[in-house]
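Participant: Quick mapping for you: the protein sequence lines, in order, are chains A and B. Per this note's numbering, the very first residue in the first sequence carries number 2; after that it's consecutive. Per this note's numbering, the very first residue in the second sequence carries number 232; after that it's consecutive.
The set of hints was computed from the structure by calculation and includes no laboratory data. Check before you lean on any hint, since a few could be wrong.
Unchecked claim - In silico EDC-like cross-links for lysine to aspartate or glutamate, where the CA-CA straight-line distance does not exceed 20 Å:
id, chain 1, residue 1, chain 2, residue 2
1, B, K261, B, E233
2, A, K253, B, E290
3, A, K253, B, D299
4, A, K247, B, D299
5, A, K253, B, E317
6, A, K253, B, D292
7, B, K385, B, E263
8, A, K247, B, E290
9, A, K247, B, D292
10, B, K459, B, E426
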Amino acid sequence: MNIYAIRAIYVFEMSRTWRTLMESIASPILTTSLYFIVFGAAIGSRMGDIDGISYGSFIIPGLLMLSLLGESISNASFGIYFPKFSGTIYEVLSAPVSPVEVVIGYVGAAASKSLIIGGLILITARFFVDYQIMHPVMMVSFLLLTAISFSLFGFIIGLWADDFQKLQIIPMMVITPLTFLGGAFYSISMLPPFWQKVTLFNPVVYLISGFRWSFYGVADVNVGISLAMIMVFMLLCLTGIWWIFKTGYRLKN
Amino acid sequence: MESIITIRNLSKTYSTGLLALNNINLDIHKGEIFALLGPNGAGKTTLISIICGIVTPGEGDVTVDKHDIVLNFRAARSMIGLVPQELSIATFESVLTTMNFSRGLFGKPSNPVYIESVLRDLSLWDKRDERIVNLSGGMKRRVLIAKALAHEPKILFLDEPTAGIDVEQRRGMWNMVRRLRDSGVTIILTTHYIEEAEEMADRIGVINDGQISVIEEKTVLMNKLGKKQLALTLQHPLKSLPDELAGYPLELSQDGEVLVFTFDVQKEHTGISELLRKLSQFGIDFKDLHSSQSSLEDIFVSLVRDKS
Chain A
2 MNIYAIRAIY
12 VFEMSRTWRT
22 LMESIASPIL
32 TTSLYFIVFG
42 AAIGSRMGDI
52 DGISYGSFII
62 PGLLMLSLLG
72 ESISNASFGI
82 YFPKFSGTIY
92 EVLSAPVSPV
102 EVVIGYVGAA
112 ASKSLIIGGL
122 ILITARFFVD
132 YQIMHPVMMV
142 SFLLLTAISF
152 SLFGFIIGLW
162 ADDFQKLQII
172 PMMVITPLTF
182 LGGAFYSISM
192 LPPFWQKVTL
202 FNPVVYLISG
212 FRWSFYGVAD
222 VNVGISLAMI
232 MVFMLLCLTG
242 IWWIFKTGYR
252 LKN
Chain B
232 MESIITIRNL
242 SKTYSTGLLA
252 LNNINLDIHK
262 GEIFALLGPN
272 GAGKTTLISI
282 ICGIVTPGEG
292 DVTVDKHDIV
302 LNFRAARSMI
312 GLVPQELSIA
322 TFESVLTTMN
332 FSRGLFGKPS
342 NPVYIESVLR
352 DLSLWDKRDE
362 RIVNLSGGMK
372 RRVLIAKALA
382 HEPKILFLDE
392 PTAGIDVEQR
402 RGMWNMVRRL
412 RDSGVTIILT
422 THYIEEAEEM
432 ADRIGVINDG
442 QISVIEEKTV
452 LMNKLGKKQL
462 ALTLQHPLKS
472 LPDELAGYPL
482 ELSQDGEVLV
492 FTFDVQKEHT
502 GISELLRKLS
512 QFGIDFKDLH
522 SSQSSLEDIF
532 VSLVRDKS
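Sequences are here, hints too, so could you generate the full structure?
Facilitator: See below:
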């Protein structure tokens, strides 16, 4: 194991975060805070409770997931896309590093960054709405698994993309709609029966439901299924990355 | 000669169907400066990229210090430093940060003393905290070299190292490459500048259409293929060559004022004195003469032309 290489990639990627502090950390926190202010503090007081939870508190896990997914994907995809774009990837390819080490370095840094953002959002939320965390261990597990899985997914997008538009298209056209329709702002039991069934095909539903359970002990779907779904997604991403490195797809000719 | 890189029957076809390398066999000797010459698209960069792990090899075997580049890629790649042709560099980082990144990537613990010595050697120490985006093209090129040296490689690949660099800096670069060679580093460089190969290389390989057409010691190559020419500027222009001189490799210029004699430096008897005797015999006087040897560039052009 080339530990020095993993550390080098990790440190290099994290230093990019510190260098662009406003854009990479302050901006997602500000955006999420605006949601808390508008939906939590302002409109939330006029909304009825959901499953016995005040609306402001109800949306916290979903909003947190929204940021976590978005940040994980964008960090990881940009992290590996940019060296490809600028040509500096030659150095990683010519180095005595295995694909596993490359993935740990890049994905580790992307996941760390989104976890930092997640933590800061949770602290910020405290200023606007009240919440509790009933199952802290499960909450941290969900955070970790989601950050890692979606950073892996972002890494694949970054490898696949060959222009900036492709880099944006999946987060914008797929992830954002899935998250908004994944029950971040509502319980799926509020949907008509037909759409309740349809929405179960949305993987983000399981993430948000499981995550909300770790806060308030209520869930739309079974927690075990939620965990299993993240695991399956993670496995799919790992398989995708393994295939990319094995074939050299978009990395080597 | 001990071989540090061994290439056997290496071929590479890109997914586009382009045959970039066609059965390459090549040995790079330990401690030499090897220049790989060839026109654009000849396969120089593909060959380097395969050895360094950037392009997946097709058929054939490549070993670096007896380590197979695929099966034992860690050992093989640890020995190699690569300076790419393009100025591909993380522009927003400082020189020192990017150096430390390179060293770590190649699995070496940090060594500030060594890094400082490399940067000083390349006159970059004063710029160590500067962001790379603020550096000139020549400095960026040197940063790339510094990065390639960050992990103390035994083999250094320089892909067009002096492209876009002014004459003075080019001299400086050549001196640096020689110092590296003297410290035991094997150097493989590709270049368009024949002058560069002529100045630097111990051996020269010519690649064209994915095949190596010549591998030779530079001096041998120049002797073997180098033709010398003697140009005689005549006192009185000639209309045509006298028939008695028909057997000689002589050429008369269009205006009839210059007679050019081509001879082989390798031969014991070049035939110059005999020619001069004959000329005076026929009363052909000349007012000036000078001889010239074909440069590596001429050799190269003739080689590439012959092949195509």
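Participant: For each hint, tell me whether it holds in the structure or not.
Facilitator: For each hint, the structure was consulted:
1. Simply put, K261 (chain B) and E233 (chain B) have alpha-carbon atoms about 6 Å apart, close enough for the 20 Å limit, and the pair holds.
2. Taken as a hint, the K253 (chain A) and E290 (chain B) pair is honoured in the structure, with Cα atoms around 16 Å apart against an allowance of 20 Å.
3. The hinted pair formed by K253 (chain A) and D299 (chain B) meets the criterion: a straight-line CA distance of about 18 Å does not exceed 20 Å.
4. Proximity of K247 (chain A) to D299 (chain B) is assessed by CA-CA distance (about 18 Å); at most 20 Å being required, the pair is judged to hold.
5. Our distance criterion of 20 Å between C-alpha atoms is met by K253 (chain A) and E317 (chain B), whose separation comes to about 17 Å.
6. Annotation: proposed proximity of K253 (chain A) to D292 (chain B) holds, straight-line Cα distance about 18 Å (limit 20 Å).
7. Restraint check for K385 (chain B) and E263 (chain B): the C-alpha separation of about 11 Å stays at or below 20 Å, so the hint holds.
8. Simply put, K247 (chain A) and E290 (chain B) have alpha-carbon atoms about 17 Å apart, close enough for the 20 Å limit, and the pair holds.
9. With a C-alpha separation of about 19 Å, the suggested pairing of K247 (chain A) with D292 (chain B) holds against the 20 Å cut-off.
10. The suggested pairing of K459 (chain B) with E426 (chain B) holds, with an alpha-carbon distance near 18 Å, which does not exceed 20 Å.
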